[in-house]
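S.K.: Here are the chains, one letter per residue:
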Amino acid sequence: MTETMPPPMTTPESPTAAPAGSAASSVLDSKVPDGPIENMWTQHKFDMRLVAPHNKRRFDIIVIGTGLAGASAAATLGELGYNVTVFTFHDTPRRAHSIAAQGGINAAKNYHGDGDSIFRLFYDTVKGGDFRSREANVHRLAEVSNNIIDQCAAQGVPFAREYGGMLANRSFGGAQVSRTFYARGQTGQQLLLGAYQALMRQSAAGSVTIHTGMEMLDVVVVDGRAAGVVVRDLTTGEVTSHSAHAVVLATGGYSNVFYLSTNAMACNVTAAWRAHRKGAFFANPCYTQIHPTCIPASDEFQSKLTLMSESLRNDGRIWVPANPDDARSAREIPEEERHYYLEERYPAFGNLVPRDVASRNAKERVDSGHGIGPLRNGVFLDFSSAFERLGTEVVDDRYSNLFEMYERITGEDVHDRPMRIYPAPHYTMGGLWVDYHLMTTVPGLYCIGEANFSDHGANRLGASALMQGLADGYFVLPYTIGDELADHLGEPPVDTGHRAFTQAEQEVTDRTARWLSIQGTRSVDWFHRELGKIMWEHCGMARDRAGLEKAISEIPALREEFEKDVRVLGSADSLNSSLEKVQRVADFFELGELMCRDALHREESCGGHFRTEHQTEEGEAKRDDDNFAYAAAWEWGGSPGAPNLHAESLEFAYVKLTQRSYK
Amino acid sequence: MNLTLHVWRQAGPRAPGRFQTIKADDIEQDASFLEMLDLVNERLIEQGEEPIEFAHDCREGICGTCGVMINGQAHGPERATATCQLHMRKFSDGDEIVIEPWRASGFPIVKDLVVDRSAFDRIIEAGGYISVDTGSAQDANLVPIPKDTADLSMDAAACIGCGACVAACPNGAAQLFASAKLAHLNLLPQGQAERAYRTLGMVGVMEEHFGSCTNHRECEAACPKEISIDFIAMLNRDWLKATVASRRA
Chain F
6 MTETMPPPMT
16 TPESPTAAPA
26 GSAASSVLDS
36 KVPDGPIENM
46 WTQHKFDMRL
56 VAPHNKRRFD
66 IIVIGTGLAG
76 ASAAATLGEL
86 GYNVTVFTFH
96 DTPRRAHSIA
106 AQGGINAAKN
116 YHGDGDSIFR
126 LFYDTVKGGD
136 FRSREANVHR
146 LAEVSNNIID
156 QCAAQGVPFA
166 REYGGMLANR
176 SFGGAQVSRT
186 FYARGQTGQQ
196 LLLGAYQALM
206 RQSAAGSVTI
216 HTGMEMLDVV
226 VVDGRAAGVV
236 VRDLTTGEVT
246 SHSAHAVVLA
256 TGGYSNVFYL
266 STNAMACNVT
276 AAWRAHRKGA
286 FFANPCYTQI
296 HPTCIPASDE
306 FQSKLTLMSE
316 SLRNDGRIWV
326 PANPDDARSA
336 REIPEEERHY
346 YLEERYPAFG
356 NLVPRDVASR
366 NAKERVDSGH
376 GIGPLRNGVF
386 LDFSSAFERL
396 GTEVVDDRYS
406 NLFEMYERIT
416 GEDVHDRPMR
426 IYPAPHYTMG
436 GLWVDYHLMT
446 TVPGLYCIGE
456 ANFSDHGANR
466 LGASALMQGL
476 ADGYFVLPYT
486 IGDELADHLG
496 EPPVDTGHRA
506 FTQAEQEVTD
516 RTARWLSIQG
526 TRSVDWFHRE
536 LGKIMWEHCG
546 MARDRAGLEK
556 AISEIPALRE
566 EFEKDVRVLG
576 SADSLNSSLE
586 KVQRVADFFE
596 LGELMCRDAL
606 HREESCGGHF
616 RTEHQTEEGE
626 AKRDDDNFAY
636 AAAWEWGGSP
646 GAPNLHAESL
656 EFAYVKLTQR
666 SYK
Chain E
19 MNLTLHVWRQ
29 AGPRAPGRFQ
39 TIKADDIEQD
49 ASFLEMLDLV
59 NERLIEQGEE
69 PIEFAHDCRE
79 GICGTCGVMI
89 NGQAHGPERA
99 TATCQLHMRK
109 FSDGDEIVIE
119 PWRASGFPIV
129 KDLVVDRSAF
139 DRIIEAGGYI
149 SVDTGSAQDA
159 NLVPIPKDTA
169 DLSMDAAACI
179 GCGACVAACP
189 NGAAQLFASA
199 KLAHLNLLPQ
209 GQAERAYRTL
219 GMVGVMEEHF
229 GSCTNHRECE
239 AACPKEISID
249 FIAMLNRDWL
259 KATVASRRA
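In the order they appear, the protein sequences are chains F and E. Quick note: the first sequence uses my numbering, first residue 6, plus one each step. Quick note: the second sequence uses my numbering, first residue 19, plus one each step.
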């Protein structure tokens, strides 16, 4: 029986189509092996077909993106002997946005003997993801987490150390053990530099060819299999085709659909979206994470929001004045007139509740009029009791770079007054659907890191993004990619003279020319900002049916205007950042609509997807496991408004489905 | 505030460049320097003029993509601050601001304020890594590293590769960048096996692309991550040792 369903929003009153108690969709084969989960990955590594060392050099692999996932995958594939070609739109592979991750990376090392284990990390991740992830993938992630720490330490990642020389750990939201490894507040930077250095080593060795300043604008599929990509050189405008036996997308998340987010300015969905339009299903696009600790916006022209690492919640206490009209400064408000709402509502986890819980509570406090700061759009994160308990020096040692960053942006010193924080879009759990091998629904096309949907379910725990990116790149994809490649030994890659390539190239060239020919009246940023407003308003921290339906009617209208009235100046044959942006925003329009449709069809609340119609009496997310314990994989239906839904049902054999509680 | 900008415009690597004077009125104090440029660009587009190209990405001072000369200073007047983290509250109403790209022969201009910094990648390729294939590492705690050593290595590793050191240097030298990358790895026990090879390789490639260090210390003053020139001393020492050792061998 097929689980293909029509998009439900055409008849809003009809009961949402959901595969009640169904088996997995006949279209989607997750390829999860049989057997007990503890040995599954080990056994599967043995069962998969291998490509012999002398044959690896006969396979060409293209990797798009050089963040943690892309750089680690490309470096490892190069070490193994594959011919790897890497494309990044950045001017050097080291600029990818993984570099901005601050807090840390989880691993089940149990170096501190506080009861951690692979099973506990697996359990916490499934539970933290609100039971919307695939158990087999998550267990594998927890297993390889320990290898990542070993690998990175050996590469020279300067992790924080205890005085005895052993690795230090800190705790993070959603966990009751201390399992997060870190390098000051720059863990992402250091891990990325480690992967980048490994990549440059392979570049020097000749096994990896790196093309910087080149953006992938299409995937080419021949006879149902990925055959290569079309890229545009951003400085010369030249459009070229590149073929390979396999294509790996490691192109990050799509939080910039909200315009204001903590992502870097160039982060976009284009590579994944182009693959989606060529047949790769897009799963759970509505699962977006709002990070609880960002600096609140100061005005309308702000270009991005800056995140303050969640690790700050280890030592900072979150509060708002009990009296919303309290005009005193924070330091003058006595203890008994402060509302430490997380500590009060969640005694067991306190300020360390998972991100979605922390974010929604902040929104609830601000919406109820308790917001602080000049625009009353934040809550306090206060370090005064940590300064008293540990001494200023110890606390500064942990967070000095974050404190400095905060002061640089706001002009305020956290030693004098508490930080102001508010949630902001930060990470997207949704992404291209992949099987256990990290292959999309297009054979030969893989997707790793944040760009795929795999391991975090409906919500990602802190310090788990770095873990997943590196797990996919160092320890999963390099094994699994051989299984499918083994079928193609001896086959040359498709010639780039093939009609599919020339056609795709022509389409990219025409599309580029079309944007320049519109000569409308409004800038790309103007349209992006307007789209962002719709998305944040109706598909942000809390969603409801009426709002989502409104967004679904507004987005196509705005897109139509965008296609008629956008103004892109300059030419296609030199560096032109407006031209780069316009393509990305065009794809955000289509993705945004799909996000809203996905959010509308999912008549439940789970993790980062909060439907106000579905909440407990205490205002917590209320799942509907009977009808929605599945991953929603959307197939491109020929136009943005006509996607087809496929469901991969999720079974929970090891972690019991429970109402998530952090009380 | 109302400002007058003098911005370097150059259509391409071989095209002649010139300063364009642009009025930037009604700029918010809380805007960042790059948000000010965003606004200027939106207005240019409204007037049908091509926007100013400048490199930028994370806008939180960590990716190292941004960087321009502001009134002759790399990353502008605020210490330890990348261009994207510089805020307009550091300027005054009526200021004239000269904005130029990094000027160094190692960094050819691509367009307007954007330069090509790929020479930094070439330096890393020449040994800026520890050779350890994926999967071959031992347990991470088997190699204890004293906290002070790890911290010092981290001080060096904090380099964001923006190139301000080169732009600030009257000789266009890249010693601060190369020394930070070297010190990060040369200080760690894991980095010892390739220490001499790494030092000779990276210094060699550095000298192909960049000028020589004559201790002006401008690099340290311009560095948004406050990388210390002590690392340059370490580079010189390591280079001398490696050179002597390689002659002996």
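Do not rely on the hints blindly, as some may be mistaken.
What the simulated footprint calls covered on chain F by chain E, stretch by stretch (three residues with Cβ under 8 Å from a Cβ of chain E suffice, anywhere in the stretch; the number is not a length) [said to hold, decoys possible]:
1. 156–168
2. 322–335
3. 341–352
4. 372–380
5. 384–397
Computed beta-carbon distance windows for the label pairs [said to hold, decoys possible]:
6. F/Thr-241 - E/Gly-153: 37 to 45 Å
7. F/His-59 - E/Gln-156: 23 to 31 Å
8. E/Arg-107 - F/Thr-241: 34 to 42 Å
9. E/Asp-113 - F/Thr-507: 19 to 27 Å
10. E/Arg-32 - F/Gly-169: 52 to 60 Å
11. F/Glu-656 - E/Gly-153: 26 to 34 Å
12. E/Thr-22 - F/Glu-623: 32 to 40 Å
13. F/Arg-527 - E/Asn-20: 19 to 27 Å
Hints listed in this document are in silico derivations from the structure and should not be mistaken for laboratory results. Each residue gets a CB set at the ideal place from its N, CA and C atoms; glycine is no exception.
S.K.: Are the hints correct? Go through all of them and say.
M.R.: Results for each hint:
1. 156–168: holds (count 12)
2. 322–335: Contact hint for the stretch 322–335 of chain F vs chain E: violated, 0 residues under 8 Å.
3. 341–352: violated (count 0)
4. 372–380: violated (count 0)
5. 384–397: It is violated, with 0 qualifying residues against the three required.
6. F/Thr-241 - E/Gly-153: 37 to 45 Å: Holds, since F/Thr-241 and E/Gly-153 (Cβ atoms, about 39 Å apart) stay within the stated range.
7. F/His-59 - E/Gln-156: 23 to 31 Å: The hint (23 to 31 Å, Cβ to Cβ) holds, given that F/His-59 and E/Gln-156 are roughly 28 Å apart.
8. E/Arg-107 - F/Thr-241: 34 to 42 Å: Check passed, 39 Å falls within 34 to 42 Å.
9. E/Asp-113 - F/Thr-507: 19 to 27 Å: 53 Å, violated
10. E/Arg-32 - F/Gly-169: 52 to 60 Å: Given about 58 Å between the Cβ atoms, the range holds.
11. F/Glu-656 - E/Gly-153: 26 to 34 Å: Check passed, 31 Å falls within 26 to 34 Å.
12. E/Thr-22 - F/Glu-623: 32 to 40 Å: 57 Å, violated
13. F/Arg-527 - E/Asn-20: 19 to 27 Å: About 25 Å separates the Cβ atoms of F/Arg-527 and E/Asn-20, which means 19 to 27 Å holds.
In summary, the structure is inconsistent with hints 2, 3, 4, 5, 9 and 12 from the numbered list given earlier, while agreeing with the others.
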